[in-house]
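Top to bottom, those sequences are chains A and B.
Our numbering numbers the first residue of the first sequence as 1 and each following residue consecutively.
Our numbering numbers the first residue of the second sequence as 1001 and each following residue consecutively.
If you're looking for bench data, these hints aren't it; they were derived computationally from the structure.
We put the CB at the ideal spot given by N, CA and C, even for glycine.
A couple of the hints might just be wrong.
What the hints assert, rightly or not - Think about it this way: if two alpha-carbon atoms lie no more than 25 Å apart in a straight line, the pair counts; the simulated SDA-like pairs of lysine to any residue are: (1) A/Lys131 - A/Ile63; (2) B/Lys1147 - A/Glu117; (3) B/Lys1147 - A/Ala113; (4) B/Lys1289 - A/Ala92; (5) B/Lys1289 - A/Ile318; (6) B/Lys1465 - A/Gly236; (7) B/Lys1147 - A/Asp123; (8) A/Lys128 - B/Thr1149; (9) B/Lys1147 - A/Asn116; (10) B/Lys1465 - A/Gln231; (11) B/Lys1102 - B/Asp1158; (12) A/Lys199 - B/Pro1481; (13) B/Lys1147 - A/Thr114; (14) B/Lys1147 - A/Gly127; (15) B/Lys1368 - B/Phe1273; (16) B/Lys1185 - A/Thr114; (17) B/Lys1285 - A/Met301; (18) A/Lys140 - A/Gly127; (19) B/Lys1289 - A/Gly306; (20) B/Lys1289 - A/Ala309; (21) B/Lys1147 - A/Thr126; (22) A/Lys128 - B/Lys1147; (23) B/Lys1185 - B/Asp1109; (24) A/Lys140 - A/Asn153; (25) B/Lys1465 - A/Gln108; (26) B/Lys1147 - B/Asn1176; (27) B/Lys1285 - A/Phe313; (28) B/Lys1285 - A/Leu302; (29) B/Lys1465 - A/Ala113; (30) B/Lys1289 - A/Asp321; (31) A/Lys140 - A/Ser229; (32) B/Lys1465 - A/Leu81; (33) B/Lys1465 - A/Glu117; (34) B/Lys1289 - A/Phe313.
Stated by the list, open to error - Chain A side only, calculated, beta carbon under 7 Å to chain B, not exhaustive: (35) Pro86; (36) Leu90; (37) Ala101; (38) Ile105; (39) Gln108; (40) Pro315.
Listed below, chain by chain, are the residues.
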Amino acid sequence: MDFLFITQQTLSATIGVNTIIFALAAIGLNMHFGYTGLLNFGQAGFLAIGAYSVAVPVISFGIPLWIAFLIGIFNSIIFALLLGIPTLRLRADYLAIVTIAAAEIVRQIARSATFNEFLGGSDGITGKFGKDFFALNPFKSGLDTPILRFNANDLWVVITGWTLVAVITFVMWIMVNSPWGRLMRAIREDEDAVRSLGKNVYLYKMQSLIIGGVIGSTGGFVYALSRQSVQPDNYGTALTFFAYTVLILGGAARVFSPIVGAMIFWFLIVFIEQILRQGVTNDLIPDWLIGVNQVGQIRFMLMGLGLMALMIFRPQGIFGDKKELALDAKA
Amino acid sequence: MHLKNYLPDSCRKIDQLAKVIGYRVRLSQSEWIVPRIGINLNLESVVSTKNSQFVEGSKSRNRRLAFRKSSSSVIFLLLSLSSIFFSISNASNANAAETATKLYGTVSDKDGVAIPNVGIAVTGPEGFTKDLTTDSQGNWEVEILTKGTFNLTINQDDLPDGQSLTDPTKSTIRANVFMLGVDLKILFPIGPGVAAASLLERSAQLAVDGLILGLVIGLAALGLNLIFGTTGLTNFAHGEILTLGGLLTYYLSAIVKLPVVIAVPIAILLGAFISGFLQDRYLWKPLRKRGTGLIAMLVVSIGLAIFLRYFFLFLFGGDTRQLPQYAGQAGLELGIVSITPKSILTTSIGIVFIVLATLWLLRTRMGKASRAVSDNPALASASGIDVQKVIRAVWVLGAGLATYAGVIVTVNQGVSFLMGQDMLLLIFAAVTLGGLGTANGALVGSLIIGLFVQLSTLFIPTELKYVGALIILIIILIVRPQGILGKKERIG
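Generate coordinates for the entire structure from the input sequences, incorporating the hints supplied.
In structure tokens, the structure reads:
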């Protein structure tokens, strides 16, 4: 086995593009679920809207990328309003079902042949829509050290991405420690008590949904830009579920938990995958047990088992405080 | 996930062939695209079979199923690919630049009889337009000199009586020409197909399909709803019970080689035992004892669903597989609708199961106890009902019904590891529509969703039919959040 290669791959992934995407998605979910108690299972929809809002205006309409970012934020606000108006008055599991349905609607419309013209059908959109962004790249060559490896474009995405994560985390920290943030946590704990104090709970929940959704859509920006393509099937329900895994892994209702959760999540995924892959190719794992194509499936199986085990044995996550957020509250 | 995992073996061969010539075949929404060569292999013409209408799976799964049915399509593809192979070598010889590309094809009916004098209008970039008609052999061709996207529209009025496009939305076919010098063959899907049927006939057929789909959803939704009612668990792993049912049926019938009529009852019993008894005994009961919260259990069910889905993929592969028995059964013409005997039989048994389950709920002690538990577990327990036993019974019943739902899908359309996932959102929509936690509400919701999904294809593209169902769900929640038969206090 090539342990140096495994280390390089694993460490690069730990601070890599995917970690940034999942951290952003989970920060949004942290706002929804961790601080306000909204069970949003449609986060993938917000990421999809972010990603398509970057790609479609630039490719199909020739709008500058910077305006496309604003369009993306605007669209995700609209999507949050559409989701929130019918469901925020209902119990948590209704919100879960409606949000998962809405995210699926977004994906199916995006991949349908009917809108092939603009959205590219199931193949999605591939093109140089990020060229304005990469034109600012000061790095002429990538990073190639024994422990980390990025090409020039990835390096630029990683640096800007982590800056974005840092800024958003800082803003989150200010928000959740403000009176507004305390109100959000109060809604999570006891909606009726907050209502009895004369607060408009519905409005505050809507604010939470919008803010978390916009943060999620910035994850979509990174997703689209880093790959220079948008593919609808990347934004399925699995993306939402893994964002939840990331959040719960770090511990919900903690400002830094999405970042730590995402790093651990991708560390484990890439590490396990590399070990298995090397094991299979070097014939350490017999072929009848796991074929080369089945490594990915094993990885997903472990992710599912990991999510179950985490939820059963340590629902507060690694850094979460059981008193702050016991996921055991009866809904 | 790579597409190859989803394709039947025959398609892998195409993939290999494509690799030989240095290109990758990708499955697109409406056509196979061989990228960069610039050829859209439109398969509608060869794969549209009447049965594919019944398939409730995703659009791409329809196509996969259709593939299995029609081996001729594969041959067609292989031929096309080999012709690409040759035309590429020709093109490189000719040094492409000014070479004309020929779009050509033959208009013939389902039996291969040529249809002459059919008008075809071609439009393309830079104002390119040309009208042509098919010759006495049904052949037509047009030469083009520019790259770009060309639209070919067939004049449907020119088709003889009794012949029309099998898919009316395919009257215009797009041809993308990326590279000159490579001829494109384009086929319009013609047969005595759907378009020939009147609106009434189409509606009737879709209504029947919708009722069958509604029944499948209903069988699964009943169990989901009972479990939700008694334990409060929103089970995201319920779809996997259907998949397991389908896989067990496939295993017993195709590998153990039992006849389907014997395999199905065994599969139901096994499914009820594994997905009901064992699952509750070793997963959910311990969790309830620990006092795990409802949302935590919901997340556990998501983890379980992900694990099982990929476990099934690991064991079974990504193909959609048909049972060896009764695979290509012909439909019976009953008045204006066509329906296969196997689907009549499986749905009738499904109706019997639903009636029995309803009687169980209404008439037996256990059924009454289960309703008491869903109303108020603490009170039920205080009045001497063994709550854990009731929950166990509900799990076994619910899992048995869901397993049978998987069996129906498997017998009629084949089984794949994604089957449960595809159904899950529809099941949730049905349950929410009818009212979470109400057994009869689930059935009403299921029928509405089933009918709506199928009948909506009269007005919207087939691939968007699930979107319609989900939008209906959201609208219902705005107007009547407790669902059609739900009680208001349940919505919280």
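Going through the hints against the structure:
1. For the suggested pair A/Lys131 and A/Ile63, the alpha carbons sit about 12 Å apart, so the restraint of at most 25 Å is met.
2. In summary, the hint linking B/Lys1147 to A/Glu117 is supported, as the alpha carbons are separated by about 17 Å, within the 25 Å threshold.
3. A threshold of 25 Å between alpha carbons decides the hint, and for B/Lys1147 with A/Ala113 the separation of about 22 Å falls inside it, so the pair holds.
4. Distance restraint check for B/Lys1289 and A/Ala92: the Cα-Cα separation of roughly 23 Å lies within the 25 Å cut-off, and the hinted pair is therefore satisfied.
5. The suggested pairing of B/Lys1289 with A/Ile318 holds, with an alpha-carbon distance near 24 Å, which does not exceed 25 Å.
6. With a CA separation close to 17 Å, the supplied pair B/Lys1465 and A/Gly236 stays within the 25 Å bound.
7. Restraint check for B/Lys1147 and A/Asp123: the C-alpha separation of about 21 Å stays at or below 25 Å, so the hint holds.
8. With a C-alpha separation of about 21 Å, the suggested pairing of A/Lys128 with B/Thr1149 holds against the 25 Å cut-off.
9. Distance hint between B/Lys1147 and A/Asn116 is fulfilled; the C-alpha atoms sit about 19 Å from each other, no more than 25 Å.
10. Distance restraint check for B/Lys1465 and A/Gln231: the Cα-Cα separation of roughly 21 Å lies within the 25 Å cut-off, and the hinted pair is therefore satisfied.
11. This hinted pair checks out: B/Lys1102 and B/Asp1158 have alpha carbons roughly 23 Å apart, not beyond 25 Å.
12. For the given pair, A/Lys199 sits about 23 Å from B/Pro1481 by alpha-carbon distance, which is consistent with the 25 Å threshold.
13. For the hint pairing B/Lys1147 with A/Thr114, the CA-to-CA distance comes to about 23 Å; that is within 25 Å, so the pair holds.
14. With a C-alpha separation of about 19 Å, the suggested pairing of B/Lys1147 with A/Gly127 holds against the 25 Å cut-off.
15. With a C-alpha separation of about 22 Å, the suggested pair B/Lys1368 and B/Phe1273 falls inside the 25 Å cut-off, and the hint holds.
16. Proximity of B/Lys1185 to A/Thr114 is assessed by CA-CA distance (about 23 Å); at most 25 Å being required, the pair is judged to hold.
17. For the proposed pair B/Lys1285 and A/Met301, the alpha carbon gap of about 23 Å is at most 25 Å, so the pair holds.
18. A C-alpha spacing of about 21 Å is found between A/Lys140 and A/Gly127, which places the hinted pair at or below 25 Å, so the restraint holds.
19. Annotation: proposed proximity of B/Lys1289 to A/Gly306 holds, straight-line Cα distance about 21 Å (limit 25 Å).
20. As the CA atoms of B/Lys1289 and A/Ala309 are separated by approximately 16 Å, the hinted pair is consistent with the 25 Å bound.
21. Simply put, B/Lys1147 and A/Thr126 have alpha-carbon atoms about 20 Å apart, close enough for the 25 Å limit, and the pair holds.
22. Between A/Lys128 and B/Lys1147, the direct Cα distance comes to roughly 21 Å. Compliance with the 25 Å bound is thereby established for this hinted pair.
23. Note on B/Lys1185 and B/Asp1109: the hinted pairing holds, with a Cα-Cα distance of about 16 Å set against a maximum of 25 Å.
24. With a C-alpha separation of about 9 Å, the suggested pair A/Lys140 and A/Asn153 falls inside the 25 Å cut-off, and the hint holds.
25. With a C-alpha separation of about 10 Å, the suggested pairing of B/Lys1465 with A/Gln108 holds against the 25 Å cut-off.
26. With a C-alpha separation of about 8 Å, the suggested pair B/Lys1147 and B/Asn1176 falls inside the 25 Å cut-off, and the hint holds.
27. Using a Cα cut-off of 25 Å, the hinted pair B/Lys1285 and A/Phe313 holds, with the two alpha carbons roughly 15 Å apart.
28. Between the alpha carbons of B/Lys1285 and A/Leu302 the distance comes to roughly 23 Å, so the proposed pair stays at or under 25 Å and holds.
29. Between B/Lys1465 and A/Ala113 the alpha-carbon distance is near 13 Å, which keeps this suggested pair within the 25 Å criterion.
30. Annotation: proposed proximity of B/Lys1289 to A/Asp321 holds, straight-line Cα distance about 22 Å (limit 25 Å).
31. For the proposed pair A/Lys140 and A/Ser229, the alpha carbon gap of about 22 Å is at most 25 Å, so the pair holds.
32. For the hint pairing B/Lys1465 with A/Leu81, the CA-to-CA distance comes to about 24 Å; that is within 25 Å, so the pair holds.
33. In summary, the hint linking B/Lys1465 to A/Glu117 is supported, as the alpha carbons are separated by about 20 Å, within the 25 Å threshold.
34. Using a Cα cut-off of 25 Å, the hinted pair B/Lys1289 and A/Phe313 holds, with the two alpha carbons roughly 13 Å apart.
35. For A/Pro86, the shortest C-beta to C-beta distance to chain B is roughly 4 Å, which falls under 7 Å, so the interface hint holds.
36. Taking 7 Å as the C-beta contact cut-off toward chain B, the hint placing A/Leu90 at the interface holds, the least distance being around 5 Å.
37. A cut of 7 Å between beta carbons decides the hint on A/Ala101: the least distance to chain B is about 4 Å, and the hint holds.
38. The interface hint given for A/Ile105 holds, since its Cβ lies 5 Å from the closest Cβ of chain B, which is under the 7 Å cut-off.
39. About 5 Å separates the beta-carbon of A/Gln108 from the nearest beta-carbon of chain B, less than 7 Å, and the hint is met.
40. A cut of 7 Å between beta carbons decides the hint on A/Pro315: the least distance to chain B is about 5 Å, and the hint holds.
Going through the hint list in order, the structure satisfies each hint without exception.
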